[in-house]
Each structure stands twice: as structure tokens, then as C-alpha cells.
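Chains A and B are the protein sequences, given in the same order. First residue of the first sequence: 0, per numbering that gives the first Met the number 0; consecutive thereafter. First residue of the second sequence: 0, per numbering that gives the first Met the number 0; consecutive thereafter.
To be clear, the hints were calculated from the coordinates, so they are not data collected in a lab. The C-beta atom is built at its ideal place from N, Cα and C for all residues, glycine as well. Watch out, some of these pointers could steer you wrong.
Restricting the straight-line Cα-Cα distance to at most 20 Å, the calculated cross-link-like pairs of lysine to any residue (SDA-like) are [what the hints assert, rightly or not]:
(1) K37(B) to P23(A)
(2) K29(B) to L224(A)
(3) K175(A) to D30(B)
(4) K29(B) to A26(A)
(5) K29(B) to F195(A)
(6) K189(A) to V158(A)
(7) K541(A) to L104(B)
(8) K383(A) to S80(B)
(9) K364(A) to V430(A)
(10) K95(B) to K179(A)
(11) K24(A) to Y109(B)
(12) K383(A) to L104(B)
(13) K130(A) to K179(A)
(14) K46(B) to P23(A)
(15) K352(A) to L104(B)
(16) K179(A) to D30(B)
(17) K24(A) to L104(B)
Partial list, derived from the structure: chain B residues whose beta carbon lies under 10 Å from chain A [what the hints assert, rightly or not]:
(18) C117
(19) N118
(20) D129
Label-pair restraints from in silico Cβ distances [what the hints assert, rightly or not]:
(21) E388(A) to I144(B): 57 to 65 Å
(22) Q113(B) to K179(A): 32 to 40 Å
(23) S3(B) to E357(A): 42 to 50 Å
(24) S209(A) to E103(B): 54 to 62 Å
(25) T78(A) to Q145(B): 29 to 37 Å
(26) A158(B) to M176(A): 50 to 58 Å
Spelled out from the first residue to the last, the chains are:
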Amino acid sequence: MTLLALIFLLAFFPAQPASSRYLPKAAISSPVFGPRQVYGLLDGSVIVKCFYPPTTVNRHDRKYWCRQSATGCRTIVSTTGYVAPGYQGRISIIDHPDAESFQINITQLAAADTGTYQCGVGINGRGLSHKVNLEVSEGPHLPEGAELYYVKLHSTLTVSCNFGKDAELERKYLCKMGKKGCYDIVDNGKKVDKDFEGRVLLSLQEDPGSFTVVITQMGWEDSGLYLCGFGTYGVSGETKELDVHVYEETSVPQGKPTIIGVKGSSATFECHYNSLKRSSTKYWCRWKPNRCEWIISDDGYVAPFYEGRVAMYESPDNNTFTIILNQLESKDEGYYWCMTDDVKEQQSSTQLKIIDGEPGLTGEKEVEARVGSRVDLTCHYPCKYYSYEKYWCKWDSPSCTPMPASDQRQPGPGVTCDTDNRTVILSFDSVAESDQGWYWCGVKHNGHYGETMAVQLQVTGGSGADRSLDLLDVDKPSHAEPPSHAEPGVIPKGRASSDAGEQSAASSGSSGESHDPNTVALIVGPVGAVLLVLATAFAVFKYRQLKRSDLVSVGSYRTNISMSDFESVKEYGASNKACVKESQETQLGGDEFITTGATPGNTAETKKAKRSSKEDVDLAYSTFLLTSGNIVQDTPGGDSRDSAAPDVPPPGWEGQI
Amino acid sequence: MKSSLLLCVALAVSLGVILVAGYPWEPEDKDYVLVNNKCQCVTVTSKLIPSKENPNEEIVERNIRILVPLKARENISDPTSPLRTNFVYRMTDLCKNCEPVETELGGKIYQAQQGNSCNEPETCYTYNRDKCYTTTLPFLHRGEIQKVPVALTPTSCYAD
Numbered sequence: 000m001t002l003l004a005l006i007f008l009l010a011f012f013p014a015q016p017a018s019s020r021y022l023p024k025a026a027i028s029s030p031v032f033g034p035r036q037v038y039g040l041l042d043g044s045v046i047v048k049c050f051y052p053p054t055t056v057n058r059h060d061r062k063y064w065c066r067q068s069a070t071g072c073r074t075i076v077s078t079t080g081y082v083a084p085g086y087q088g089r090i091s092i093i094d095h096p097d098a099e100s101f102q103i104n105i106t107q108l109a110a111a112d113t114g115t116y117q118c119g120v121g122i123n124g125r126g127l128s129h130k131v132n133l134e135v136s137e138g139p140h141l142p143e144g145a146e147l148y149y150v151k152l153h154s155t156l157t158v159s160c161n162f163g164k165d166a167e168l169e170r171k172y173l174c175k176m177g178k179k180g181c182y183d184i185v186d187n188g189k190k191v192d193k194d195f196e197g198r199v200l201l202s203l204q205e206d207p208g209s210f211t212v213v214i215t216q217m218g219w220e221d222s223g224l225y226l227c228g229f230g231t232y233g234v235s236g237e238t239k240e241l242d243v244h245v246y247e248e249t250s251v252p253q254g255k256p257t258i259i260g261v262k263g264s265s266a267t268f269e270c271h272y273n274s275l276k277r278s279s280t281k282y283w284c285r286w287k288p289n290r291c292e293w294i295i296s297d298d299g300y301v302a303p304f305y306e307g308r309v310a311m312y313e314s315p316d317n318n319t320f321t322i323i324l325n326q327l328e329s330k331d332e333g334y335y336w337c338m339t340d341d342v343k344e345q346q347s348s349t350q351l352k353i354i355d356g357e358p359g360l361t362g363e364k365e366v367e368a369r370v371g372s373r374v375d376l377t378c379h380y381p382c383k384y385y386s387y388e389k390y391w392c393k394w395d396s397p398s399c400t401p402m403p404a405s406d407q408r409q410p411g412p413g414v415t416c417d418t419d420n421r422t423v424i425l426s427f428d429s430v431a432e433s434d435q436g437w438y439w440c441g442v443k444h445n446g447h448y449g450e451t452m453a454v455q456l457q458v459t460g461g462s463g464a465d466r467s468l469d470l471l472d473v474d475k476p477s478h479a480e481p482p483s484h485a486e487p488g489v490i491p492k493g494r495a496s497s498d499a500g501e502q503s504a505a506s507s508g509s510s511g512e513s514h515d516p517n518t519v520a521l522i523v524g525p526v527g528a529v530l531l532v533l534a535t536a537f538a539v540f541k542y543r544q545l546k547r548s549d550l551v552s553v554g555s556y557r558t559n560i561s562m563s564d565f566e567s568v569k570e571y572g573a574s575n576k577a578c579v580k581e582s583q584e585t586q587l588g589g590d591e592f593i594t595t596g597a598t599p600g601n602t603a604e605t606k607k608a609k610r611s612s613k614e615d616v617d618l619a620y621s622t623f624l625l626t627s628g629n630i631v632q633d634t635p636g637g638d639s640r641d642s643a644a645p646d647v648p649p650p651g652w653e654g655q656i
Numbered sequence: 000m001k002s003s004l005l006l007c008v009a010l011a012v013s014l015g016v017i018l019v020a021g022y023p024w025e026p027e028d029k030d031y032v033l034v035n036n037k038c039q040c041v042t043v044t045s046k047l048i049p050s051k052e053n054p055n056e057e058i059v060e061r062n063i064r065i066l067v068p069l070k071a072r073e074n075i076s077d078p079t080s081p082l083r084t085n086f087v088y089r090m091t092d093l094c095k096n097c098e099p100v101e102t103e104l105g106g107k108i109y110q111a112q113q114g115n116s117c118n119e120p121e122t123c124y125t126y127n128r129d130k131c132y133t134t135t136l137p138f139l140h141r142g143e144i145q146k147v148p149v150a151l152t153p154t155s156c157y158a159d
């Protein structure tokens with residue numbers, strides 16, 4: 000029963016992935032696109048424009064216009080030079096491969112011309128064509144056909160609608176025609192259809208009643224009929240028909256639709272544009288339901304919340320500009336648009352997703368320093384950036400200006416990557432107030448910007464010394480020495496570049512002092528603190544020693560040993576090595592009897608050692624027993640040390656412990 | 000006994016959840032492409048339609064479209080080979096997807112191949128429009144027979 004239920008349950012699951020894994024049928028339908036309905040006046044003329052994907056084959060292939068009938072599609076005119084009889088002189092076909100379209104001009108229209116035609120590429124009837132209905136009427140008013148938009152997959156569609164003064168105060172909208180009417184996609188209020196979330200923007204233009212709608216990341220499902228209008232569909236206002244077709248050119252897609260950023264790390268966005276117009280402002284903004292919030296633009300504007308977090312780099316040769324956003328948080332998830340003022344220019348959008356993880360570049364994120372001190376900003380990079388170009392730069396809106404810094408590890412020949420020495424350091428010999436600000440450490444590869452890490456440098460001014468800061472430094476024993484000779488490698492003043500020398504990650508700055516007269520007081524301070532620390536350490540050590548000896552006194556024999564230590568030393572003199580050794584022998588407890596060559600002579604001497612308590616006498620006796628035992632065992636040879644001891648446990652000893 | 004009963008209850012609840020929640024909203028008339036094989040000229044699309052017996056149930060309908068090129072040669076790159084009279088279409092071979100796809104792994108994008116046996120060469124029955132097919136023909140020129148390369152699909156062989 001359970002098994003059946005399980006199988007039944009599993010049967011439901013395969014339905015889910017189908018929608019995301021497979022292309023819709025539109026992907027394999029004919030990529031040739033043209034008007035669905037064309038209207039012409041008697042004795043007038045009509046122009047039919049058909050679009051095709053500008054691949055090499057298509058651009059060189061034959062284009063045709065044929066009339067559909069029961070038996071097939073008979074060619075009327077084609078680019079190979081054929082013109083059907085009856086059409087001589089009144090029809091022409093012109094191919095515009097650069098504009099990815101071809102045009103058919105028909106003049107002197109007759110009523111018999113009404114019918115179904117096909118415009119296509121290649122050979123008739125092979126499917127690479129589009130059906131067109133031609134209607135010739137007497138007139139005088141002709142219904143307007145839909146406006147055609149031929150858009151590449153994943154690119155941007157820009158639609159302009161102008162209705163004049165009537166529409167000025169009305170609601171403006173764009174909707175998509177479906178089976179049950181027209182579904183609203185976007186309007187100038189807050190409404191956005193969820194399929195279009197993050198990728199559609201409606202903006203009003205200067206002319207009254209005109210607006211543009213921009214849709215990015217066009218997918219196969221976006222092909223179809225649209226209506227842009229004012230008022231409400233089916234109730235009031237006017238509409239304009241738009242026919243949109245998405246095609247695929249088998250080449251590299253434009254920009255990545257989704258960029259994944261690690262929390263705390265950074266993300267790089269590349270924005271492409273078609274032509275370079277110096278007058279238009281380029282900006283990067285965050286999508287909101289009815290507007291795009293400006294974040295950064297190339298005239299220097301940076302939104303207040305993004306100070307130090309975002310930078311823009313322009314590369315006019317490749318027609319791209321790059322945006323880097325670092326210090327990523329979960330609330331940065333959303334859609335970001337690269338836009339220009341010029342409406343005709345390419346706009347694009349990217350979705351940013353944030354995941355948990357470890358950033359590649361690590362280091363101190365906030366550094367405080369005093370004016371005039373030496374500061375090192377360190378940046379650690381992992382092995383995966385070994386061959387990348389690394390840099391430090393100072394953030395000044397809207398970009399980040401590179402600064403000279405040195406890489407600890409010069410990438411020479413060889414392919415090993417050590418786990419140490421992978422740091423890039425930016426040094427300031429004598430930091431000034433103007434150096435305060437944001438600094439970025441980043442990697443670059445093949446001309447593309449990679450990960451970055453931001454560090455905020457704060458410079459506290461003046462000689463009113465922060466003693467507390469010094470004491471903080473000095474707490475660590477490694478920094479306990481006076482600052483004049485702190486670092487292992489002495490750095491002479493005046494050298495602007497950074498230096499070798501293993502700096503610990505937490506370089507809090509003020510370990511190196513310069514020869515200012517104010518620093519005399521600053522030197523005395525740390526020295527005094529050092530002495531204090533030493534004194535405390537000594538006191539603590541002594542206390543612990545005392546404590547230890549207290550502990551020792553629980554086993555009373557010990558205390559007296561230590562006392563006798565002093566006594567014996569006093570008596571025999573400092574240089575009497577034999578006696579010191581002797582007292583050490585008797586001192587030993589436990590089962591470790593290091594009998595360093597116990598000779599009968601020694602045993603005699605142990606007896607002679609001055610003892611002042613009963614325990615000591617017992618101790619001496621047991622020692623005697625043991626050593627005598629050892630002497631017996633010693634005959635096989637050598638110093639029988641620890642191996643002997645466990646085998647011959649002194650019978651009396653256990654009682655004493 | 001008790002544990003199996005508990006399992007049954009859990010399964011029943013989860014089934015109920017799925018049936019009540021329903022499928023994710025899909026727009027009308029979703030026709031999906033399963034196969035688009037340009038080499039053998041086969042397309043297969045599938046969609047869900049209400050079943051004839053029980054209109055409340057949905058079943059999968061597959062449309063298989065095969066264009067058989069009757070005037071094709073056994074070897075499409077060799078016009079002197081005999082006419083092909085034997086056309087074999089295998090669903091498993093057609094459904095095999097060897098196109099590399101981009102997947103995201105740990106924040107980076109990688110290219111992955113979806114099929115297992117993608118190294119075997121396919122016998123094509125017709126020309127792929129985007130590829131250039133050439134052959135060499137003996138050409139008598141000034142008393143000498145030379146092998147001259149000729150394009151079988153001229154429109155696909157342009158350089159630009």
C-alpha cells in the first residue's frame with residue numbers, strides 16, 4: 000500500500016521541471032517575420048517588409064514572395080531575378096541584409112490581388128516563411144496595420160507610443176493579447192505583471208501623451224501581439240497594435256541575465272551599448288515597480304547609501320562600461336539596469352542574486368590611523384587569483400583611481416602557489432587627512448574586472464595622542480618593544496612604495512613612529528606600560544609558583560624538599576654539582592626512577608644527606624632499597640633506567656604515595 | 000505496524016497538499032519542444048491536453064514531425080553514392096541532447112554536456128542549413144584530371 004502511494008506521489012514530480020528545461024514551441028517556429036495583415040487601396044501601392052535572422056546563410060540565400068494556393072506556393076518574385084507573368088513592372092523585391100529584412104513593393108493594386116501570400120527565405124514550402132494576408136479595398140480609410148518589432152533573444156525591446164494631448168492626463172498602459180482579452184503588463188501606476196518583474200519600465204516622455212516602454216531579457220514567450228494605449232482596455236481610450244517577434248541568432252548571448260554574488264564580496268556588471276554618443280549620460284539604477292532608482296552615473300553622481308560601494312569604469316573601445324558593487328548584503332538582491340539618456344540606445348538589465356559564502360579577498364575592513372603615522376592596508380588573495388592582475392585603488396566617485404601598490408608574490412615562472420605570502424599591500428609612509436576615505440583591493444583578468452574588497456581608512460588628526468590606542472597595541476607581547484625598532488625590517492623614510500616583511504593581518508597602524516618632538520611623551524608612555532606589564536607578569540609568575548608550592552605542600556614531603564634544597568645549596572656552595580644532583584635524585588616521585596648510574600658510592604651519599612624530617616628518612620630508605628635492587632639488576636649491563644623501574648616496584652614506596 | 004501507519008498518514012497528507020496546491024501557474028497552450036534534430040530532420044513537441052475519456056484529467060500529447068528526404072544520398076557528402084532507401088529513426092537517439100548548457104555552480108557559470116554518449120558520429124539524412132558541405136570532384140583540365148573542391152550547399156559556404 001505504501002509502495003503504491005510512493006509511486007503515485009513520484010508520478011507528480013516529473014511534471015515540474017518540464018516547464019523550465021524545454022524550449023517553447025515558438026523556438027522552432029519560423030524565424031521569418033512579417034505583417035499578418037496588409038491593407039491596400041485599389042490602384043494604390045503597398046510595401047511589405049519581412050524580417051529574417053542575419054546569419055551568413057540567410058543573408059546570401061534567395062528571398063521570395065509567393066502566392067499560396069491549394070497546390071502549394073507559386074513564386075511571384077524572387078531575388079534570383081524571376082518575376083511571374085502578369086506582375087511585370089509592378090512588383091519588386093529588395094534585400095537589405097544589414098537591416099535584417101527584405102522589402103516587396105507592389106503597385107497598381109487590383110481587386111484580384113486580395114489573397115494569402117508568403118514571404119520567405121530559401122526554397123518555397125520549406126517552412127522558412129511568413130504568411131501575409133493582403134486585402135485590397137476601395138477605401139478611402141485604411142485600417143492601420145500593427146507596428147512590427149523584430150527582437151533578438153535576450154535583448155531589449157523599446158516601444159514608443161504617442162497619442163497626443165488626449166492622453167495627457169489618462170492612465171497609460173501596455174498589455175499583451177491573449178485568448179481572453181488583453182492582459183496588463185505595465186502601466187504608469189504601480190502595476191507590473193509578475194512575469195515581467197524587474198524587466199519592464201514605462202517612462203513618460205516630454206511630448207504630452209507620449210511614453211516609452213522598455214522590456215529587457217526578451218524570451219521566446221514574449222513573442223506575440225501587444226497593445227499600448229491610454230485609458231482602460233475595452234472601456235475607453237485608444238490603442239495601438241504592436242506585433243513582436245523574438246528570434247535567435249546562433250551567436251554568443253549578450254549579457255548574463257543573472258549574476259550571483261557572495262555575501263560580503265562583490266559583483267561585476269558589464270553593460271554593452273551599440274554606439275558611443277558622448278552627450279548621453281550613462282547610468283546604473285535599481286529597478287522599482289514604477290521607476291528606476293539611480294545608483295551611479297558617469298557625471299559623478301553616487302547615491303548616498305552606496306558611498307564607497309560602487310564604481311563605474313568606462314571602456315569606449317569595446318562599447319562597454321563596467322559597474323562593480325561590493326560589500327554585498329541580502330537586501331541588494333534585485334534587478335539592476337544599465338541605461339542611457341538616449342532612448343534609442345540599448346538598455347539592458349541584470350538580476351543580482353546573493354548567496355552565502357566566503358569572499359575570496361580578505362583583510363581588515365576598517366583601519367584607523369593617526370595623522371603622520373605609517374599605515375599598511377593589507378589584502379589577502381586566494382590561490383585562484385594567483386595569475387590575475389591585482390590592484391589597489393582609491394574610491395572617488397564615480398570611479399576608483401588606481402594606486403601604486405606591491406604584490407608580495409611576484410608571479411614568476413613556476414606554477415606553485417604557496418599558502419603564505421599572498422598579500423597585496425598599500426602603504427602610506429605618512430598618512431594625511433586627505434588620505435581618508437575608501438580604498439579598494441581588486442583583481443583583474445583579461446581586461447575584465449573581478450572581485451573587489453573595500454577598506455575604509457579613517458585618519459584621526461592631531462598630536463593629542465590617543466594613549467589608549469598605544470596601549471591597545473602594546474597589549475600584545477609581540478608589539479611590546481618600543482616602536483622605534485618594532486618591525487623586523489627597518490624601513491627608511493621617504494620610500495613611498497610598500498615593502499616586504501611579514502605583516503600580521505591586524506595591522507592597526509601605529510607601531511612605527513617618526514621623529515616628531517611630540518612623540519617623546521608617546522615613547523615614555525609605552526615604556527612605562529611595558530614595565531608595568533612585566534612587573535605584573537613577574538608577580539603573577541611568582542604567585543603561581545607560590546601557589547604551586549602550596550599545592551606541593553599538601554604532600555608534605557615535597558615542601559621540605561624544597562626547603563632543604565635551599566639549605567643544601569647554601570651549605571655546599573653553588574659549584575657543588577654532586578650535591579645538587581644528589582638532592583635531585585631524592586626529589587623524584589612517582590615511578591620514574593632515573594637512576595643515573597647508581598653506584599654504591601652514591602647510595603652512601605644519599606644516606607649522608609641532611610634530612611630534617613621523618614619522611615625524608617623514609618624516602619632515603621626507599622631510595623636505598625631501590626638502588627640496591629638496581630645494583631643487583633645492573634649486572635646484565637648498562638644503565639637500566641625506566642625499564643627497570645616498573646619491573647621492580649619498591650615495596651615500601653606505594654605506601655608512601 | 001504503528002510506524003507504517005504513520006508513514007501512510009504522512010504520504011496522504013503530502014499527496015493532499017500537492018493536489019490542493021495544484022501545479023505552478025502555466026500560461027495557456029504550453030507546447031514544449033523535446034527534439035529539434037536538424038541532422039535527421041525530426042521535431043517532437045509535447046503538450047498537456049484533456050484526455051478524451053476523462054476531460055478532467057490531463058494527458059501528454061506528443062507531436063512527431065519527420066521530413067524524409069527521398070532524393071538524399073547514402074552519404075550526403077558524396078553525391079556519387081547511391082540513393083538512400085533505408086531511413087531509421089530511434090527515439091532514444093533523437094532525445095539525446097548533446098548541446099552544452101550553462102549551469103551555475105557555487106556562483107560561477109560552467110558549460111556542461113547533457114548527454115552521455117555524445118562522441119559517436121551521427122549519420123545525417125539531410126543537410127544542416129548552417130553548415131557548409133563540400134566534396135572533391137575529378138575535373139579534366141588541360142588533359143589532366145585534378146581533384147577540385149566543390150560546395151554542395153553554396154549558400155552556407157560564404158566566409159562572411
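Hints and how they fare:
no. : hint                           : result
1   : K37(B) to P23(A)               : holds, 17 Å
2   : K29(B) to L224(A)              : holds, 17 Å
3   : K175(A) to D30(B)              : holds, 19 Å
4   : K29(B) to A26(A)               : holds, 12 Å
5   : K29(B) to F195(A)              : holds, 18 Å
6   : K189(A) to V158(A)             : holds, 19 Å
7   : K541(A) to L104(B)             : violated, 59 Å
8   : K383(A) to S80(B)              : violated, 54 Å
9   : K364(A) to V430(A)             : holds, 17 Å
10  : K95(B) to K179(A)              : violated, 38 Å
11  : K24(A) to Y109(B)              : violated, 26 Å
12  : K383(A) to L104(B)             : holds, 16 Å
13  : K130(A) to K179(A)             : violated, 24 Å
14  : K46(B) to P23(A)               : holds, 10 Å
15  : K352(A) to L104(B)             : holds, 13 Å
16  : K179(A) to D30(B)              : holds, 18 Å
17  : K24(A) to L104(B)              : violated, 29 Å
18  : C117                           : violated, 18 Å
19  : N118                           : violated, 22 Å
20  : D129                           : holds, 6 Å
21  : E388(A) to I144(B): 57 to 65 Å : holds, 58 Å
22  : Q113(B) to K179(A): 32 to 40 Å : holds, 37 Å
23  : S3(B) to E357(A): 42 to 50 Å   : holds, 44 Å
24  : S209(A) to E103(B): 54 to 62 Å : violated, 40 Å
25  : T78(A) to Q145(B): 29 to 37 Å  : holds, 33 Å
26  : A158(B) to M176(A): 50 to 58 Å : violated, 42 Å
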